[in-house]
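Read off the chains here:
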Amino acid sequence: MSTLNNPTEQVLTGMTSNPRGRFIAPTAGVSAHTREITLAQAIREALAEEMRRNPSVFIIGEDVAEAGTPFKVLAGLVEEFGPERVIDSPISEAGITGLGVGGAMTGMRPVVDIMFGDFIGLAMDQIVNQAAKVHYMSGGKLQVPLVIRTTLGATRRSAAQHSQSLHAWVSHIPGLKVALPSTPYDAKGLLKTAIRDNNPVVFFEDKMMYQLKGPVPEEEYTIPFGVADIKREGTDITLVATSSMVQVCLTAADLLEQEGISAEVIDPRTTFPLDKQALIDSAKKTSRAIVVDEGYERYGVTAEIASIIADGAFYYLDAPVKRMGAMDVPIPFSPVLEDLTVPAPERVAELAKTLCGR
Amino acid sequence: MPHSELSGAKGIPVQAIMGDEQATALSQEQWLHMYEQMLKIRIFEEHVNELYKSAKMPGLAHLYSGEEAVAVGVCEALRRDDYITSTHRGHGHCLAKGASVDRMFAELLGKEAGYCRGKGGSMHIADQDTGNLGANAIVGGSTAIATGAAMSSKMRGSEQVAVCFFGDGALGQGLLYEAMNMAALWKLPVIYVCENNLYGEYTHFSEMVAGEISARARAFGIPAEEVDGQDVREVHAAAKRLVERARSGEGPAFLICNTYRYYGHHVGDISRSYYRSKEEEQEWRTNHDPLTLLSRWLLEEQGVDAGVFKEIERRVTAEVEAGEQFALDASYPEPGEVAEDVYA
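Protein chains in written order, with our numbering: chain A, 1 to 358; chain P, 1 to 344.
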């Protein structure tokens with residue numbers, strides 16, 4: 001199979017100018033035995049390692065086996081683990097999610113692949129009314145160690161039904177955990193944690209970052225949920241950024257540096273559990289904060305985090321906490337229009353300068 | 001009695017019904033056990049109705065009275081570690097799978113001693129110890145969960161079978177067909193038991209279900225059988241056959257049980273004349289009652305003494321009354337419980 005040699009080659013052509021494709025160094029946990037791999041490879045390694053470690057882990061989804069998903073993220077796994085553990089399913093998002101819930105309740109650790117985040121709408125009852133509630137409704141007797149891997153992120157020219165970032169939907173629901181990595185290092189460590197967690201975890205990968213390279217240790221590691229990571233230290237303003245927006249904010253921080261403004265970029269890495277204290281502490285230190293997230297701005301992740309910072313760092317703030325999310329429109333197809341809907345480094349930097357009185 | 005103990009004939013063998021193919025000679029003791037299970041459900045539900053009417057039970061309940069032969073006939077064909085998923089009308093399934101009445105009542109009353117420590121209530125009773133993966137208040141919501149449990153069983157090589165109970169109302173849910181498609185593709189050991197009690201909430205099923213019910217299963221290559229859901233002997237014979245078939249790796253099956261709910265959609269649905277007549281209700285109670293059908297057969301054709309039924313009724317009534325009192329006396333959860341068990 002030729003795609004195995006260069007599995008992501010055909011996927012994101014023409015996207016090299018996207019700021020999400022730049023190299024990023026992790027800020028912690030890098031050992032002497034570190035290679036540079038893509039985010040897609042990091043995901044694949046996490047799955048392979050956990051499947052070797054625990055025979056109850058399996059993958060189910062549309063075109064996950066020989067095809068390795070349209071993003072080629074899973075390429076090669078079926079060769080190692082066989083079609084019994086890397087299961088090609090019909091196009092039945094609700095069905096496979098429900099099968100995952102039932103499997104998880106009875107001794108397995110399913111990893112359900114929902115190709116595009118937009119498709120979780122099809123599976124929402126199984127995620128929200130079933131997976132999230134089984135443990136509580138059963139008085140703590142039943143558990144659902146289920147991972148739902150899916151994607152977020154616009155600018156792939158895929159229009160309104162393949163481009164949304166809907167992680168706020170599931171972050172809203174008690175009983176679910178939600179992870180959204182921004183680097184290959186984080187992706188691998190968080191996914192391994194997700195698979196070992198005894199709760200349903202929805203895991204969002206930015207489909208535009210699969211080619212992003214970064215250092216990842218060769219040896220085993222996991223990253224605990226609910227621990228934010230400072231991606232760049234700064235003193236003048238805090239940029240809270242999730243997933244795709246970490247790259248955008250790092251670029252914005254570069255722009256701000258040229259203006260003499262020192263921006264701190266902090267990534268919560270999981271929206272639930274949320275490391276509230278780290279976000280508050282960063283805002284206390286810098287006295288200003290902008291929350292940047294690719295979900296729709298209204299009623300979104302930015303609102304939740306801005307509220308937490310406004311509350312927790314109130315006496316330390318020199319400016320109101322600001323938010324930047326995706327524009328509140330269905331994602332348009334035309335690149336000229338689509339790019340307007342997503343926070344861009346220049347716009348983040350502009351807003352930051354305003355907050356800093358420049 | 002653990003269900004697994006019932007798989008072999010013991011006691012006095014009686015002739016089984018349903019033609020030649022099933023040489024399932026069940027003992028009188030086993031039929032009487034099923035009678036007792038059905039009666040337990042009937043009396044339990046009557047007490048639930050009284051608890052509602054006397055305002056001792058919070059919320060509502062969807063009573064299973066009239067449909068007892070389905071739950072008991074099917075569950076008696078299962079091992080204790082086989083799985084079931086249930087519905088909003090689920091008390092019968094839970095009891096038939098082995099739940100005890102005291103903890104059932106406690107759950108219905110929102111008490112700490114309930115199966116879900118008072119957090120689930122009538123529509124969410126789950127009991128891991130008897131393979132009950134939970135009742136589900138989303139119509140059709142557990143169809144994929146049961147199918148996933150069957151997939152898990154197959155992957156683990158545990159030879160457990162999963163039974164998915166659902167009503168005619170769930171035939172309108174797409175998830176059922178996604179699940180059936182995968183069960184057929186992968187030969188999963190799951191039995192879809194469609195309890196057609198004629199009404200989805202307040203509407204006759206014929207207004208909501210196009211075509212033949214069994215054709216839905218046939219479209220996926222899933223064998224479908226249709227039985228008189230009021231006759232526990234018929235239900236049990238079909239269930240036993242289909243469960244054994246699934247357990248031996250031959251894949252899913254679909255069992256339509258034609259039945260009737262004696263009460264309304266829920267305990268508060270007492271004025272039903274706009275959707276069904278009193279005459280229709282009386283006809284089912286008089287001529288199709290599952291307890292009467294079984295007891296008459298045992299009395300008239302198997303020579304069981306009438307005193308046996310009186311003794312069973314005395315025993316079951318005492319059990320239900322004691323269970324109800326246990327629940328009434330039990331404590332409510334501590335307030336601190338509210339935030340427990342959100343996450344494992």
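FYI, nobody ran anything at the bench for these hints, they're computed from the structure. Predicted model, so just to flag it, every value in this text is computed and none were measured. Just to be clear, a hint being listed does not mean it is correct.
[Stated by the list, open to error] Pulled a few chain P residues facing chain A out of the computed Cβ check, cut under 7 Å:
| no. | residue |
| --- | --- |
| 1 | 149 |
| 2 | 262 |
| 3 | 265 |
| 4 | 338 |
| 5 | 341 |
| 6 | 344 |
[Stated by the list, open to error] Computed list of lysine to any residue pairs in SDA-like fashion (alpha-carbon distance at most 25 Å, straight line):
| no. | chain 1 | residue 1 | chain 2 | residue 2 |
| --- | --- | --- | --- | --- |
| 7 | P | 111 | P | 326 |
| 8 | A | 141 | A | 107 |
| 9 | A | 141 | P | 113 |
| 10 | A | 141 | P | 337 |
| 11 | P | 310 | P | 333 |
| 12 | P | 187 | P | 247 |
| 13 | A | 141 | P | 187 |
| 14 | A | 285 | A | 314 |
| 15 | P | 111 | A | 129 |
| 16 | A | 141 | P | 102 |
In this text, a Cβ means the ideal position worked out from N, Cα and C, and glycines have one as well.
Hints, one by one, checked against the model:
1. 149: holds, 4 Å
2. 262: violated, 27 Å
3. 265: Violated: closest Cβ of chain A sits about 20 Å from residue 265 of chain P, beyond 7 Å.
4. 338: Violated, because the Cβ-Cβ distance from residue 338 of chain P to chain A comes to roughly 10 Å (cut-off 7 Å).
5. 341: For residue 341 of chain P, the interface hint holds, since the closest Cβ of chain A sits about 4 Å away, which is under 7 Å.
6. 344: The hint holds - residue 344 of chain P has a Cβ within 7 Å of chain A, the shortest such distance being about 4 Å.
7. P:111 with P:326: Holds, because 10 Å separates the two Cα atoms, which is no more than 25 Å.
8. A:141 with A:107: Given that 25 Å is the threshold and the Cα spacing comes to 13 Å, the pair holds.
9. A:141 with P:113: holds, 13 Å
10. A:141 with P:337: holds, 14 Å
11. P:310 with P:333: violated, 38 Å
12. P:187 with P:247: holds, 11 Å
13. A:141 with P:187: Violated: residue 141 of chain A and residue 187 of chain P sit about 29 Å apart, past 25 Å.
14. A:285 with A:314: holds, 12 Å
15. P:111 with A:129: holds, 23 Å
16. A:141 with P:102: Distance ~18 Å between residue 141 of chain A and residue 102 of chain P Cα, so the pair holds.
Of the hints listed earlier, those the structure fails to meet are numbers 2, 3, 4, 11 and 13, in rising order.
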